[in-house]
Structures are given as structure tokens and as C-alpha cells.
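Undergrad: Chain B: place on chain A using the hints.
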Amino acid sequence: MLLEAQGVEIGYGAVTVVKGAQFTLAPGEIGCLLGPSGCGKTTLLRAVAGFEPLRAGRLRIAGEEVSRPGTTLAPERRGVGMVFQEFALFPHLSVADNVGFGLRRRAAAERRRRVTDLLEVVGLPHCADAFPHQLSGGQQQRVALARALAPCPRLLLLDEPFSSLDVALREGLAREVRAILKKEGMTALLVTHDQQEAFATADSIGVMQAGCIEQWGDGPQLYHRPASRFVADFIGQGVLLPGTVLAEEAVETAAGVVNGPLPASYPPGTRVALLVRPDEVIADPQGGVSAQVEACAFRGADYLYTFRLAEGSKLLCTTSSYHHHPLGSTLKLRLNIRHLVVFPQD
Amino acid sequence: MPSEGQSWRGGGRPGIWPLATGATALLLALPVLTIASFLFTPAGEVWHHLAQTRLPDYIAGSLWLMLGVGVGTLAIGIPSAWLTAVCDFPGRRLFEWALLLPLAFPAYIIAYTYTGLLDVSGPLQETLRELTGWSYGDYWFPPVRTLPGAVVMLSLVLYPYVYLLARAAFLDQSVAVLEAGRTLGSGPWRGFFTIALPLARPALATGLSLALMETLADYGTVQFFGVDTFTTGIFRTWYGLGDAPAAAQLAAVLLGFVFTLLLVERWSRRRARYFHGAGGHRHFPRYQLGGLRGWAATGACLIPVAFGFLLPLLLLLRWALRTAPQGVDGEFLQLMANSFGLASVAALITLLLALLLGYGRRLAPGPVTRSAVRIAGMGYAIPGTVIAIGVIIPFAAFDNALDAWARDHWGIATGLLLSGTLGAVLFAYAVRFLSVSLQAVEAGLGRIRPAMDDAARSLGLTPGGVLAHIHLPLLRGTLLTALLIVFVDVLKELPATLILRPFNFNTLAVRTYELASDERLADAAPAAIAIVLAGIIPVILLSRTIARSRPGAADAA
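One line per chain: the protein sequences are A and B, in this order.
In this text, residue positions in the first sequence follow this note's numbering: the first is 1, and each later residue adds one.
In this text, residue positions in the second sequence follow this note's numbering: the first is 1001, and each later residue adds one.
Simulated from the structure, these hints should not be mistaken for laboratory data.
Careful, some of the hints might be misleading.
Short derived list, chain A residues pointing at chain B, Cβ under 8 angstroms [unchecked claim]:
#1 51
#2 91
#3 92
So these bits of chain B aren't anywhere near chain A, every CB distance computed over 10 angstroms [to be verified]:
#4 1253
#5 1415
#6 1462
#7 1465
A virtual CB, placed ideally from N, CA and C, is assigned to each residue, including glycine.
Same shape as in the complex, but just chain A:
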């Protein structure tokens, strides 16, 4: 494993910012810490970089222990590169000097070659002599990436790397960054609050809340098999429909009986909440449930409808952009759920 976090705890005084964080990254893997602001993801990333001391647990990079309580290997001796939220380019240095900053110990010719190569890789070969303030946000981002990659770090850390860019640029750039990282064979850990960015960039994602990693997995796993209510709520859209366990593989809800293996065993009669994603609700004249259109949002490629069932609970449903139903009209629905996700009802 290239990066191992084992029971990592970080805090100051009475405040614990990160609790028992546990994950690994294989060489070449791109990991992501995803969560709302204040969840501790940036603090965990900074601990990996060596800027925050640990209160408990261990951090290992390529098998070498770099952090444990009381001992923190200095950031400059970890072989870890970092891309910062607002890029933190050095304003007094040209683009080439910024990229070459981490190569001070190399021979001049080698340094020049590496800088040229990297500017080529990030698509800015003509910007070598420009200064940071002359570049657009997207270009600064790429320079920051090139600068972090230049010394061939063992691990690259990216702290909200796209958040200061225009929304329109973000996803494209996220995919581009992923392509560059994959091409360089770089192991990377990214921090973001934006799931689209996480899905576009990362191989595996850890969802964090209140200092804990609630679940670690890839995008589809997080979407289809969320391990907690928080993950179910934070990733994608959906509703939690109240229901009752009938038998080992059946749950009865206001939208009918849904069959399938349950993630854990619940005795019959247990009150549960069933996760229903908008793409698992299908408007079908043959459907067994009738529901009234309560709200409707046009989103370009599709509509997102909010339906109200007879007894009051609500369902979200996406339909193609051609299916328009007026507010207040009544439709037939059916559920098409492949993996049952239920949580105990409180």
C-alpha cells in the first residue's frame, strides 16, 4: 500500500477534528475525501502532508511511518506534493520558476528539461515566462499541478483543487487532471465537497462527516449501497420511505411491497426506512401506485418530479425531458429497486 491511515485522530485542546480515520491507497490509485465543509477532510489531508500532528494512530507512506503521536516527519521530507485550494503560486516567480521550485537541488539542464516536459503535459508550453497573475484560473490550476508533480512526489495531495474555478470549468478540468495523474502513474488523495468532482476524478471515495469516515468505496457503491443515512442523504438524491419488514426479503411501504435481500437481518415487523432513488421510481401506466405531481423541476436532460402518495409520503422521480406532467395531475408509478437499502426507523 502506498498510503496507510490507521486509526488517525487529530484535535486541539478539547476539540477532536478527525476521529479514527482508516483507509489505504494502492500505488497509482486516486482517492478522495468527500464531505461537507467542517467535516475534517482538509485537516486529515494536511496531516498526511505533515502540517498537522496526530493525537492517535499512524500514517505510513510506502511503508515508512511518517506520523504518529508525538512524531511528525517535516512536510519537506515526506516526498509528498500538494495542490492548494487557491493554488498558492509564488507571485514573484515566473511560471517556469514556480514549476522548477521543487527542483532546486537538480542540475540546471535537468531542471529545465523537467519544467518543459511538465508544462507540455499540462498543456501550457507557451506560458513558461508568464507570471501567475497573468494567467486565468484554469491555467493557474494547471501550473500548480505541474509544480506539485515536478519533484516526482511519492504521493500527490489536492485540497479542493477546483473550488476556486468557474463551475463550467470544473468537471472538464477534473477529468483532465485525472487523465494527467493516470498518465504519470501518480498516487493521489483529493479533498472536495463536490460529489461530481469526486466521481469525475477519483477511483475510491471516503465520505466524511463530523470527523469520521463513514464509508469508503467507489461511486456506484456509495450511491447504491450507502452504509449510513448520512451517506444516503449526502450522495445523490432520494427519499427515505417508511416501511415494515414483512419477511426476510420483503419490505412493505406506501408504494407497495418491495422484494430483495436486505443488507442486514431484521425481524419481521421492524419499522424501517427504505432508500428510494429518483431513477428507481418509474412512471408506468401499468404501475400499482397512484401519486400526484406536487413539484416539477426541469434540469435540461431530465425532469425531477416530486410525487405525493395518497397517505402523504413523497417520492422523487426522474423522467426524460419529453415527459411533462402538469402539477396536480395523478400518475401511476412503480418501483424498480435492485439493491434494498434500509435503515432502522427511529
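TA: Same frame as chain A, but now just chain B:
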């Protein structure tokens, strides 16, 4: 999310920085702590004698001086600030910076100059006698070398503090508030008294307290005019009575005055937040003062510039031209070399200390480094006399202890290692002027985002490397300014230099003082001119800052 408070922001082991920061701050606090400790030592016989005879005079002198200078600086500073901030009249743009020029004059030099002009043997009274045929004693002429005279002298050179802060406050005031006042029918006068002045109160308090701290610190003027104040009292007790504890106790009382001023200033600044306008720097339509009123405004601004700068400078130039042929010799060049060398080294040391403290605080933010930096930055408020006594007492104690120890163990005398050396002088300068560099360093570092440090660290730089490769290049301009200002401050400094300088080591300021004390005012002119000319440098720097902060300026930052 990111670390707040006590964390060690540098990553890795804290290393030497926090320790060095704390130790430096403690060392710089030594003089003040020494003096403060005398508040708690039992008073000696001399002190009792002092308390019964001279102390009431010192207190009264200092208080009257503060009262007079307070009224004087406000009376000059507020109107000129208001006129240049919100009115338009002939010469306004010139006066915006020219009103700062008197800052270039140390109070003692302007005092010598006016004495030379107005004394019995001065050109003014001589002309008067020639014209009227009167002789000395036939007529009354206002005596210069008195307490009121000292008030006028100090007010003439210290009003720029009030002017600077009042002007900034007037410019900062919400445009909307003043405009609302105008739509409600209040003209320039009513707008000034009912809106602008009350809003500017916190800034006025700050400007006034700066002027009063300088007043308390002044030694040259009051000594020359024979006014009894704390500083003259400290000198007299130190040299005349030779009683160190009593001098230190006098210094401690003076220190109490200064801290009271500081507290009042802090308190008024805390309230300043609530007064701050939200209007930003929108262009304010100035009151156009036409015709006679415009020229009256010009005159009102010209008076302080003329009497605080132009007239004394011309007089000094005249004397200097007369005495320069004999006066500017090898000895004078030696004085220049001494002064400039000492000021350069002091400026450099002060800057290095400021970098150590400022950067140490950035690396390890927290209550410990914060108070260390706060304590080390106190010096600007402490009179040079107090610092000098606070330096000499522990240094002499160290020297004596070391000497005794060396005699006992090795049978040799080490003599005076610290006291009476340039090292002691430089240390006192560092204590007194550190805050100037420290403010510049802290403001400069504050503008560099912490992510910049982290980026450099992740690219392989040590904390020291970050300072050298990132911060210093980015802060070059700021640091140069700090160097210059400390350089000039040291050049002007008189009392601490006078007390601490090594035997036979003279500076421009000390020589000016000595010649003036011997009533050789014209002979003092060349050295005085050199000090004043150097003093113009920070005024230029200040006026450039002012030009940038002027509403509507192209690069208003």
C-alpha cells in the same frame, strides 16, 4: 477545518523557532521589567527627599506640558485635517503632504532654532532694538525658554500625528452619513461639529496619545528650556545625585503615566469598531471654498508648515552656511560616519529581530507567541530615558557580578563588558524601535496566505528556507521602508544615546545637543541640518502612502 489556535503550523518538529521567539521577547522586555520592578523596591533616602522636594514639580511640569501639547496638537491637527480631507482650496494637494513635514524636525532641534531666533541676542530682538532705539530691559518680549515655549515647540512638530489620523478618519467616514447631513441642510461647519468630529473621536484619541507619548519622552527640549519634567528629573537624579534606584523609581512613575496613556488609547480604539463607516472610499464631493474663504484655508494650512518646518529650516540653513566652512571638518565627517553607521546597524538588527518574532509567531500562533510579540513591541511607547536606565542597571549588575566572579576564580578583572559599549546603545535602540519594524513585518506577513508557506514546505523547503525564498522576496519593499524609518529614528534619538554611549563616542544628535547646551546654536546647525534632512525621508514615504489612500487614486489598495 484548517488549524485554529495553538497548533504548530510549521509541521514537523517545532525546532528552535518558538524558543528563540520567546527568549528574544523576554530579552527585549528586560529594561521595562527592570524599571517596573523598582515600583516594588523600598524607597531609599534620596527618593524620600525627592518626593518631598522635586517630585511635585516633575509631575506638574509633565502634566502641564501634556495638557498644553494636547490642546496645541488638536488645535493645529484637526482643522488642517478637515480642510485637506473634505474641502477644496488653493494648494490643497500640496498641503496634504506638506503638513507632515514638521515630523522631520526633532523637537529639540526646533527648540534650539527658535531660541536662536527669539532670544535676547537673536536677530529679531536685535532688529527691534535697532529700529526703536530701546535697550535690553526697556521692553517686554515673550520668553521662549519657558514651559509655554516648550508647549509651542512640541506642538509644532507633533501635530502631524493628530493630522494624519484625523485625516484618515475623515476620509474613512461613511460618505453617505455626511451626504445625509448635507441633504438635511448642514453646511461645512455644522457637518464638521455634529457629524465628522464625533465620528473621528477614536482616531483623534490615537493621534493625541501618540503625540503625548512623544511629549513624555522628550528630553532635549525641556532640558534646554529648563522645564522640570520626569525626563529632566531622571537625568538630574542619575547624574547630579548619582542615585540609580531613585532615578529608576522616577522612571517607573513615568512608565506608569505611559501605560495609562496606552490603556486609554487601547480602550478608545476598541470602541472605534462601532464608529467605522461602511461607505468605503467613494469619492466625496468636496466643499469648494472659493475666493476669500479659500485663501483663508490656504493660510490656515500654511501657518503650521511655515512655523513647523520652513522657517526653522531656513534659519538652520543660514547658520549652517555661515558656520560650515569651519564647522564641517574631519570631526564632523566622523560624526556623520558614527551616526550613519550606528543607525544602519541598529536598523538591521531591529529588522532581524522583528523577522524572528513575526515569523516565529506565524509558525506557532498561540497565546504565548502573541504575548511575546506584544511585549516586545511595547518599546515605541517607552521614553528613551526610561529604556536607557532599564538597560544600564541590569548590564552594570551583570558586569559587576562577572568581574567579581572572575577575580575570585581566575584572579583577573573583566571590567565592563556590556555597559558603556555600543552593544548597550544598540540594544536600547532595538528595544525602543522594534515595534516599527515589527508592525511592518507583521502587516507584510499577514498579506501572504499561509497556503504559500505550505506549498513551499511541500516542495522541500525548511521553515527558514520559506522565509528566505518566499517571504523575503515578497516583502522587500515593506522591509526596506521599515529599515529606513528605524534608521532615521535612531539618527534623531537623543536621551538614550546620551546616557548609554561609550566615552568619547559622539553622534550628530549628541553633538547638536552639546553645542546647543554651550549656547553655540549656529555651530550646531550643520549637524542639525543633517538630522532634519534625513528626517524628511520617512515623511516622503508617509506621503506616498497618503497619496495611495486618497479616494479615487488609481491603485487604491
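Undergrad: All the hints need checking, so say for each whether the structure fits it.
TA: Checked hints:
The beta carbon of residue 51 of chain A is positioned within 8 angstroms of a beta carbon in chain B (closest approach about 4 angstroms), and the interface hint is therefore held. A cut of 8 angstroms between beta carbons decides the hint on residue 91 of chain A: the least distance to chain B is about 7 angstroms, and the hint holds. Annotation: residue 92 of chain A was flagged as interfacial toward chain B, and the flag holds, the nearest CB pair being 5 angstroms apart, inside 8 angstroms. No beta-carbon of chain A is positioned within 10 angstroms of the beta-carbon of residue 1253 of chain B; the least distance is around 41 angstroms.
Chain A leaves residue 1415 of chain B outside its interface by the beta-carbon criterion, the shortest separation being 46 angstroms against a cut-off of 10 angstroms. Interface exclusion of residue 1462 of chain B from chain A breaks down, the closest Cβ pair being 6 angstroms apart, not more than 10 angstroms. Not every CB of chain A is more than 10 angstroms from the CB of residue 1465 of chain B (nearest about 8 angstroms), against its label as outside the interface.
In the structure shown, a violation is registered for the earlier hints numbered 6 and 7, in ascending order.
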